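Chemist: Assemble the complex: chain A is given as a structure, and chain B must be docked to it using the hints.
Sequences listed follow chains A and B, in order. The first sequence begins at 28 in my numbering and counts up one residue at a time. The second sequence begins at 218 in my numbering and counts up one residue at a time.
Bear in mind the hints are in silico, worked out from the structure with no lab data behind them. Just so we're clear, the structure is a prediction, and the values are computed from it rather than from any experiment. Ideal Cβ placement from N, Cα and C applies to all residues, glycine included. Certain hints may be false.
Claimed, not checked - Label pairs and their computed distance ranges (CB to CB):
1) 376(B) / 157(A): 24 to 34 Å
2) 181(A) / 323(B): 49 to 59 Å
3) 121(A) / 540(B): 33 to 43 Å
4) 493(B) / 75(A): 30 to 40 Å
5) 281(A) / 242(B): 53 to 63 Å
6) 385(B) / 160(A): 18 to 28 Å
7) 260(B) / 121(A): 46 to 56 Å
8) 75(A) / 403(B): 19 to 29 Å
9) 539(B) / 156(A): 34 to 44 Å
10) 540(B) / 104(A): 48 to 58 Å
11) 540(B) / 97(A): 50 to 60 Å
12) 270(B) / 156(A): 33 to 43 Å
13) 97(A) / 331(B): 46 to 56 Å
14) 441(B) / 281(A): 42 to 52 Å
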Amino acid sequence: MNASQAAPAGLALGGDTLVKRFGAVTALDGVSLTLGKGEILGILGDNGAGKSTLVKILTGFHQQTSGTLRVHGEETLLRNVDHARALGIECVYQDLALANSLSIYHNMFLNREIVRRGPLRFLRLVDHRQMRERAAQCLDDIGVHVPSVDLPVERLSGGQRQAIAVARAVNSNAKILLLDEPLAAMGAREAALIIDLLMRLKEKGGLSIIMIMHNYAQTLDIADRIMLMQRGRVTYEQRSANTSVAELMDIVRREYRAMRATTAD
Amino acid sequence: MNTVNPSGKAQAPARLDRPRGAWMSHWAAELRILLVAILLAAYFQVVNHDFLLSNASLVNLSQFIAPVAIIAFGEIMLMIGGDIDLSAGMVFAFAPFIMVFANEAGAPMWLAVIAGLIAAAIVGFVNGAVTVYLRLPSFVTTLGTLFLINGITLTMSRGTPSATPGSPEFAAFMGAWGYSEIIWTIALAFVMHVLLRHTRWGVHTQAAGANPLGASEAGIHVNRLRLGNFVLAAVLAGFTGILEGFRITSIDPQAGGNQIMFLAVAAAVIGGTPLTGGSGTIVGGLLGAAVLGILSDGFTLIGINAFTFNIILGAAILAAMIFNIHVGRIRRKGGR
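One chain only, chain A, in its complex shape:
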């Protein structure tokens, strides 16, 4: 496929014929993908297309049954989530993994708390001051505006919460960011806030992004390249500039008809 040869040298992530079976069910049926450095890849597909299984393999949550994965150019089997994280792969799940009753800065350092130095070091007390300062700094850097980092996240809007979750991933030195439906159930204004944020992150450089998406128009708007998944396979792949919503819908419809024809047998 033409698009996949885009930047072979600067590859952040590459998967070759990834297969994942759960017992008799084949969730992924030979998926190959590439993610260039600094690229935004949008993955589209219906429920059960294998998108979330793919994400879970890329985050080390599941291991592929067969196929190989290359991270930053090196062939790697991601043993677990911590391993993927150590390689700079971060995922923002749909539930955002935020603790609502805790403050923004607590959430941004969740499980990565800064521990106080000095003679009482052995007590491993968390350094609230440093965490507040660094969280505010990080939000400033990527242009996310909140009234105060002390606010509990339950007081934030959906878009702000998503922004905090993304900021947390960025703050933990993510090189590859996976976003699971970052714009789901979001109003136009909220979505614009997140799209703005992703564009700024792209401009800053150093971050490659894979987004799992449902909305075709939004995906073509944000992503450099799109990948269409159906029934565990990649059925189409193209630069966003070279395709349109109409074309994508057409492909999905054709595929759907073909599927109905085979199941009718």
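Modeler: Below, chain B alone, put in the same frame as chain A:
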């Protein structure tokens, strides 16, 4: 900051400034309950002039507060994580007997106390392991161990009390001296507050209670935290039993029981720890125990009987809970 803000939403970098009155809003829940405690104390002082301003009555009041508060600290850690320990009142009676047996077997007193605490820890570990790994609701697990531990205590002791072992100095240190219990309580409140707010353990406990799935996605070992908090709660309950044993100079298999466990849960709830998990406060629990202590001590001195006390206690818990849920909701709305 030299980064350009392309969104054009220029805003003063005010994120680090705490909102006005932050200190007040930070401690708002605790301050409310402190106010209630002060008003109640003032009322009883007016009605009965011996309520506060004599040594004996202060000792008496502090001894109402201390055991409820210490057990509450453990329950608060559990309740933040979405769990509860109903067996705490039985561990309260169980641990001192292990201490007595260890001492009779020749262990020095300090070691005997540790043996009692280890026995409590084992009960806590069982509570936690069954809840976490066999996925029983903690309400059910600890309901089972409640009867189980009570039966074991009654069997071991043959239903009869023992005298407290050890030297008078040791006994005084461990609760027999008038202010010993309340000093332990305040020291433990400090330690538990630091644990909850200033250690990764405490912060993770709150995160795991607020969003268990999210916390584990962030790499937090939620099960380990819950298990640890069960152990912690049981050790605190056992320690309270030992302190109370020394105070009343007799170790009674019928001591503690469900009354003190429910009082501790009530103290936690009145202090601002909801049963829904995710948030809670140790200082609030201490103040909640103080409110309960003031109520029961005050009514005892006035001469209102235990039946009336329970009516007022029940109403107080309901009022506190309604207040917490609805005031919390109004505050949240007002803040946006």
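Chemist: Each hint should be assessed against the structure and marked as holding or not.
Modeler: Tested hints:
1. 376(B) / 157(A): 24 to 34 Å: At roughly 57 Å between Cβ atoms, residue 157(A) and residue 376(B) fall outside 24 to 34 Å, so the hint is violated.
2. 181(A) / 323(B): 49 to 59 Å: Between residue 181(A) and residue 323(B), where Cβ atoms are some 56 Å apart, the hint holds.
3. 121(A) / 540(B): 33 to 43 Å: Holds, at about 35 Å.
4. 493(B) / 75(A): 30 to 40 Å: Since residue 493(B) and residue 75(A) have Cβ atoms about 34 Å apart, the given range 30 to 40 Å holds.
5. 281(A) / 242(B): 53 to 63 Å: For residue 281(A) and residue 242(B) the Cβ distance comes to about 58 Å; the hint holds.
6. 385(B) / 160(A): 18 to 28 Å: Violated, at about 53 Å.
7. 260(B) / 121(A): 46 to 56 Å: holds (52 Å)
8. 75(A) / 403(B): 19 to 29 Å: At roughly 58 Å between Cβ atoms, residue 403(B) and residue 75(A) fall outside 19 to 29 Å, so the hint is violated.
9. 539(B) / 156(A): 34 to 44 Å: About 37 Å separates the Cβ atoms of residue 539(B) and residue 156(A), which means 34 to 44 Å holds.
10. 540(B) / 104(A): 48 to 58 Å: holds (55 Å)
11. 540(B) / 97(A): 50 to 60 Å: holds (58 Å)
12. 270(B) / 156(A): 33 to 43 Å: Taking Cβ atoms as reference, residue 270(B) and residue 156(A) lie about 42 Å apart, which means the hint holds.
13. 97(A) / 331(B): 46 to 56 Å: Holds, at about 55 Å.
14. 441(B) / 281(A): 42 to 52 Å: Taking Cβ atoms as reference, residue 441(B) and residue 281(A) lie about 51 Å apart, which means the hint holds.
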